[in-house]
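Novice: Next come the chains, spelled out residue by residue.
There are 2 protein chains.
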Amino acid sequence: MAESKAIVKLIEALSHLPGVGPKSARRMTYFLLERDREGARDISVAITEAIEKVGHCQQCNNLTEYDICEICSSKSRDSKKLCIVETPAELQSIEQASIFRGLYFVLMGHLSPLDGIGPEELGIDKLEVLLDNGEVDEVVLATNLTVEGEATAHYISELVRKKGILATRIAHGVPVGGELEYIDRNTLTEAFTGRRQM
Amino acid sequence: MAESKAIVKLIEALSHLPGVGPKSARRMTYFLLERDREGARDISVAITEAIEKVGHCQQCNNLTEYDICEICSSKSRDSKKLCIVETPAELQSIEQASIFRGLYFVLMGHLSPLDGIGPEELGIDKLEVLLDNGEVDEVVLATNLTVEGEATAHYISELVRKKGILATRIAHGVPVGGELEYIDRNTLTEAFTGRRQM
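Going down the list, the protein sequences come from chains A and B. Counting along the first sequence from 1, when you hit position 122 you're at 122 in our numbering, and nothing is skipped either side. Just add 1000 to wherever you are in the second sequence, counting from 1, and you've got our numbering.
Because the hints were derived from the structure by calculation, they are not lab data. Fair warning: this is a prediction, and the values are worked out from it, not measured in the lab. For glycine and all other residues, C-beta sits at the position ideal for the given N, C-alpha and C. Worth double-checking, as some hints may not be accurate.
[Unchecked claim] Have a look at the derived ranges for each label pair, beta carbon to beta carbon:
1. A:S112 to B:D1184: 49 to 55 Å
2. B:V1147 to A:D184: 36 to 42 Å
3. A:R101 to B:I1183: 55 to 61 Å
4. A:S112 to B:V1176: 54 to 60 Å
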């Protein structure tokens, strides 16, 4: 006997979450409908609100509810240091480790010529505008330590150096192949402390 | 720097899902906002629809979009066999195994005197109405093989026998594919006690 259509639809929708397969999605669905309809409604409302309210910072691409995010508009941050990351989630990991007090620029990805992602797609022109205003004296490259992340860091470091600005790379304290979002704060701290000139 | 309020709220809401801690919830949140806003909207809509449409079958308590669920209203099911389960999710597991073609009754829990859950809370009166209409000749007790599930099965079996109806219990034993080395001693005891001639 097939399950109710609304149940099947919910199972399918939840299966799109990262780390959630059809079995977990079914478990979640029955849990919500049997035991936590209030919680289910909270999720639905929170998703709708987040989608409506959260966009990208016009300066750094971080996720924010404002035009300019709280980091870019903060006066207590060191605007001489600019950290380049691939995604907002990775920016957040660095923030939680409390090891960097400068500003960020989020690439929203990495160079990947085979997928048609070049400098333009990563908004490198927007980054150049930031660098050309003359405040930044160091760019910390915190892209992932994957092949694509390294290539992206290398590309940007050349561009940065041409402008007479110091380019540094976070240290290989982070395991090769690792993604910043899942690294513990101590390793992240080591990586920031050990950054080297490129 | 704190995350956007809408992001924090979504992380908290997702943390209520079974098997999802704060870290997975954060990962899901950023995944949805960065990469799959369409999928996020699907989840929100599917939850709202499921909450609105899906209720309990008036006869068996299964989750359904109708007054009487598709199993109870099917003419191809054997209405002489009635299977008792604790939850709609467990009913669905049995359906997916395609091993039972009778009807169900979902208790929505198990007897648990300490939590104030007695026969009334489990809708045993509703079950009695079903049994008293004279069609059922066997009640299969498929409550969980936990202490509470066993107590519940025992309680219902007495009630069923008093009405002159056969009460059966699903078999205890070693799971298919199970290796004896890793089976707990209670299960092994049950497996030996319940051994059958080959």
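Novice: Hint by hint, say whether it matches the structure.
Specialist: Structure-based check of all given hints:
no.: 1; hint: A:S112 to B:D1184: 49 to 55 Å; result: holds, 50 Å
no.: 2; hint: B:V1147 to A:D184: 36 to 42 Å; result: holds, 40 Å
no.: 3; hint: A:R101 to B:I1183: 55 to 61 Å; result: holds, 56 Å
no.: 4; hint: A:S112 to B:V1176: 54 to 60 Å; result: violated, 46 Å
Hint 4 alone, counting from the list given before, is not met by this structure.
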